[in-house]
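*Asks:* Here's the letter readout for the chains.
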Amino acid sequence: AQSVSQHNHHVILSEAASLELGCNYSYGGTVNLFWYVQYPGQHLQLLLKYFSGDPLVKGIKGFEAEFIKSKFSFNLRKPSVQWSDTAEYFCAVSGNRDDKIIFGKGTRLHILP
Amino acid sequence: DSGVTQTPKHLITATGQRVTLRCSPRSGDLSVYWYQQSLDQGLQFLIHYYNGEERAKGNILERFSAQQFPDLHSELNLSSLELGDSALYFCASSVVSAGYNEQFFGPGTRLTVL
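Residue numbers (our numbering), protein chains in the order written: chain S, 1 to 113; chain A, 1 to 114.
Note that these hints are calculated values from the structure, not bench results.
Just so it is clear, the structure is predicted and the values come from calculations on it, not from any experiment.
Misleading hints may appear alongside valid ones.
Covered by chain S, according to a simulated footprint, are these stretches of chain A (three or more residues, beta-carbon under 8 Å) [unchecked claim]:
{"id": "1", "segment": "43 to 53"}
{"id": "2", "segment": "105 to 111"}
Estimated spans, in silico, between C-beta atoms of each pair [what the hints assert, rightly or not]:
{"id": "3", "chain 1": "S", "residue 1": "Phe-72", "chain 2": "A", "residue 2": "Leu-39", "range": "33 to 41 Å"}
{"id": "4", "chain 1": "A", "residue 1": "Thr-13", "chain 2": "S", "residue 2": "Gly-62", "range": "40 to 48 Å"}
{"id": "5", "chain 1": "S", "residue 1": "Trp-83", "chain 2": "A", "residue 2": "Asn-59", "range": "29 to 37 Å"}
{"id": "6", "chain 1": "S", "residue 1": "Ser-80", "chain 2": "A", "residue 2": "Lys-57", "range": "25 to 33 Å"}
For glycine and all other residues, C-beta sits at the position ideal for the given N, C-alpha and C.
All chains, full assembly: derive it from the sequences and hints.
*Replies:* Structure below.
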């Protein structure tokens, strides 16, 4: 069955700390991978996506993610977080011919000023 | 602003009632997706329409139904409402129906069933 697992439900960091949010997926076939972010009171928006090519993907606001096929993982990273990164982060997977995206349950990130 | 609009923003109703949520996709987008977001279940895919036709169903209850109209806006109908249906309902749109396409999300409709 298709699924996405996000390792941490809640993460608290201080400003300038490094961030890594884990994401593992279960899916047969070619995958497309996404990280979406939901800032407090706002709608979901795309942070970055992987379709093919370089497995290290750079997104907006200094975020990046690495697709490791052998580990079925797509972890999100940022070297130095800011208070404004406080949000909920969702990892998602789809197939090329899929008509749906499967989302993980999300990770709530709190950055302490 | 993603360009996807949803109305109403908030909806409070009683158990057993029926409500309709509306979504207008971004200009030019043919695909509309509906999601339910709750604290315990996370973000659950409900249903996908492409150019008026149903393309995929997820964890959508039989009490729920949706349609996409010729002008491409979509409506999600929820009937015989239960307390557990209280959630945030998002719609998203994309240009075409393919897994590699980014979906653009609307602001959501918060449904409270009392």
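*Asks:* None of the hints should be skipped; say for each whether it holds.
*Replies:* Hints, verified against the model:
1. 43 to 53: Satisfied; 5 residues make the cut.
2. 105 to 111: It holds: at least three residues are needed, and the segment 105 to 111 of chain A offers 4 whose Cβ sits within less than 8 Å of chain S.
3. Phe-72(S) <-> Leu-39(A): 33 to 41 Å: violated (27 Å)
4. Thr-13(A) <-> Gly-62(S): 40 to 48 Å: Since Thr-13(A) and Gly-62(S) have Cβ atoms about 42 Å apart, the given range 40 to 48 Å holds.
5. Trp-83(S) <-> Asn-59(A): 29 to 37 Å: holds (35 Å)
6. Ser-80(S) <-> Lys-57(A): 25 to 33 Å: violated (42 Å)
Checked against the numbered hints given earlier, this structure breaks hints 3, 6; the rest are met.
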